[in-house]
Amino acid sequence: MRSPDNVPSFLLCVNEIAPEGAVNSVLDTIGLGSLAQNWLGDPGLALWIVLGVLVWMQLGYPLVLFMSGLQRIDPELYEAASLDGASWWQRFTRITVPILRPEVYVVLVTTTIAGLKVFAQIFVLTGGGPGNSTLVPAYFAYQNFFERADVGYGSAISSTITLLVLIIAGTMLTRQAREDG
Amino acid sequence: MTTDTTTPVTSRTTKTHTSGPPAATRRRRSKAPRKRSTGSYAVLAAVTVFVLAFLAPFAIILLNSFKTSADYRANGSLSWPERWNWDIIGDVWERVDFTQKLVNSIQISLGVVLIAVVLALFNAYAIGIGRVRWRTAFLVFFLGVNVLPQEGLVYPIYYLFKETGLYDGKLGYTILVGITYSAFGTYLLSSVFSSFPRELIEAASLDGAGRWTILWRIILPMSWPTLSVMCVFFFVWSWNEFLYPLVLLISNDNQTVPLGLSVMQGQYTSDPTALSAAALLGVIPMVVFFLIFQRTLTRGVTAGAVK
Chain A
1 MRSPDNVPSF
11 LLCVNEIAPE
21 GAVNSVLDTI
31 GLGSLAQNWL
41 GDPGLALWIV
51 LGVLVWMQLG
61 YPLVLFMSGL
71 QRIDPELYEA
81 ASLDGASWWQ
91 RFTRITVPIL
101 RPEVYVVLVT
111 TTIAGLKVFA
121 QIFVLTGGGP
131 GNSTLVPAYF
141 AYQNFFERAD
151 VGYGSAISST
161 ITLLVLIIAG
171 TMLTRQARED
181 G
Chain B
182 MTTDTTTPVT
192 SRTTKTHTSG
202 PPAATRRRRS
212 KAPRKRSTGS
222 YAVLAAVTVF
232 VLAFLAPFAI
242 ILLNSFKTSA
252 DYRANGSLSW
262 PERWNWDIIG
272 DVWERVDFTQ
282 KLVNSIQISL
292 GVVLIAVVLA
302 LFNAYAIGIG
312 RVRWRTAFLV
322 FFLGVNVLPQ
332 EGLVYPIYYL
342 FKETGLYDGK
352 LGYTILVGIT
362 YSAFGTYLLS
372 SVFSSFPREL
382 IEAASLDGAG
392 RWTILWRIIL
402 PMSWPTLSVM
412 CVFFFVWSWN
422 EFLYPLVLLI
432 SNDNQTVPLG
442 LSVMQGQYTS
452 DPTALSAAAL
462 LGVIPMVVFF
472 LIFQRTLTRG
482 VTAGAVK
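These protein sequences, in sequence, are chains A and B. Take 1 as the starting number for the first sequence in the working numbering and just add one per residue. Take 182 as the starting number for the second sequence in the working numbering and just add one per residue.
Note that these hints are calculated values from the structure, not bench results.
Simulated crosslink set (SDA-like; lysine to any residue; CA at most 25 Å straight-line): (1) B:343 x A:143; (2) B:351 x B:275; (3) B:343 x A:147; (4) B:343 x A:162; (5) B:351 x A:147; (6) B:343 x A:155; (7) B:343 x A:140; (8) B:343 x A:156; (9) B:343 x A:152; (10) B:351 x A:146; (11) B:343 x A:151; (12) B:343 x B:433; (13) B:343 x A:159; (14) B:343 x A:150; (15) B:351 x B:425; (16) B:343 x A:148; (17) B:351 x A:143; (18) B:343 x A:146; (19) B:343 x A:157; (20) B:343 x A:153; (21) B:343 x A:149; (22) B:351 x B:284; (23) B:343 x B:428; (24) B:351 x B:339.
Simulated coverage check for chain B against chain A, where a stretch passes if three residues somewhere in it have a Cβ under 8 Å from a Cβ of chain A: (25) 239 to 251; (26) 335 to 341; (27) 423 to 431.
Glycine included, each C-beta is placed from N, C-alpha and C at the ideal position.
The whole structure should be built from the sequences, with the hints applied where relevant.
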């Protein structure tokens, strides 16, 4: 239920995608120098870059979760399926995915909640800018609380986030409880 | 986030380890080695590329942290440093007062672990073993605290801390985070304790063991695997905590590592080598911690996630 807010990693990303940073250097080296640009400075692009950074940060948790889930699958199932002529893709979609469904569900819910609550990433990477192109609710609430001293407005935003998170978490828990019997 | 426990997870994993996979690989190898080889090499190559892409940023900051600004401007971010110099790292260390930040982070994280685990242990003992009345209501309450996002609580807590004089103090902050984590700990431990073998407790109390003795001599040693996972995780969580310390620990002497470093980003965006060094300084403690507690961490990630 907890998103990894690892600030050093964001700093690292800032460094890579800076105008003079590694991403642009790589593009230059492989002859795509025309694609190089100020990644976080473009309002149309900044949000996608932040999204990419978030995905990079979050990837570890689903990976470990899925790997531990895979150990639960009985190899005999694959054996039987391939004897019946199932292709690699069929075995994946008919055996692996259905058995990993609880994990998929948990990952979906936790990452959705983490996405709703994004704060540190925005604070470190963009500060909501350029313009308001990467402004997210949690950061907007923070701005209202501590920069504009507009506590009422900030409270409304943060209450809405809280409500959304509670609804999603509640749905998840009741569904899980129902599936457990 | 279910009523699952750590112990069943691990026992299940080890069980399948011993019975399942070895047999599977043996069979797979004997059956179709030729048909698989090209495909599996392709997968291996893809995974290798993926892992390299995942790790490349770390390699690059490692390189850039040791370059001088002139070197960086002349040769860009991908080149090997002309010579490895520690000046930039030392400089950033001093500017951020990294020693102080490290001490703060360690103090706070250890305090949080202590408060959270001890509270969770007592709570869970009452709920899981003692079966107090209203225990389901208590559990729902702890679960609610656990689900509640910090974003919704941060202003009320800020206000409370201001009014009570706890603002900008490590002690108040440690207690706050410790208590927040103890909600998760209580939830996790209660479900572990509720499946604890009752016979053991009954046998012990027949032999005249009081509640304290049962807790210290029986429950604590037997739930040690779960407790160690909790300790390690609380430490990492509290280390990476950002929003609360940003709001509650404003003075330089109280800030934690992530906060101290995040300041760098605002001040030195035009100084990429310093920024690299800051990122490196921030990443190193967690890498060291990961190397030490690797097994516990990987065991714990799945704890309480899926039934």
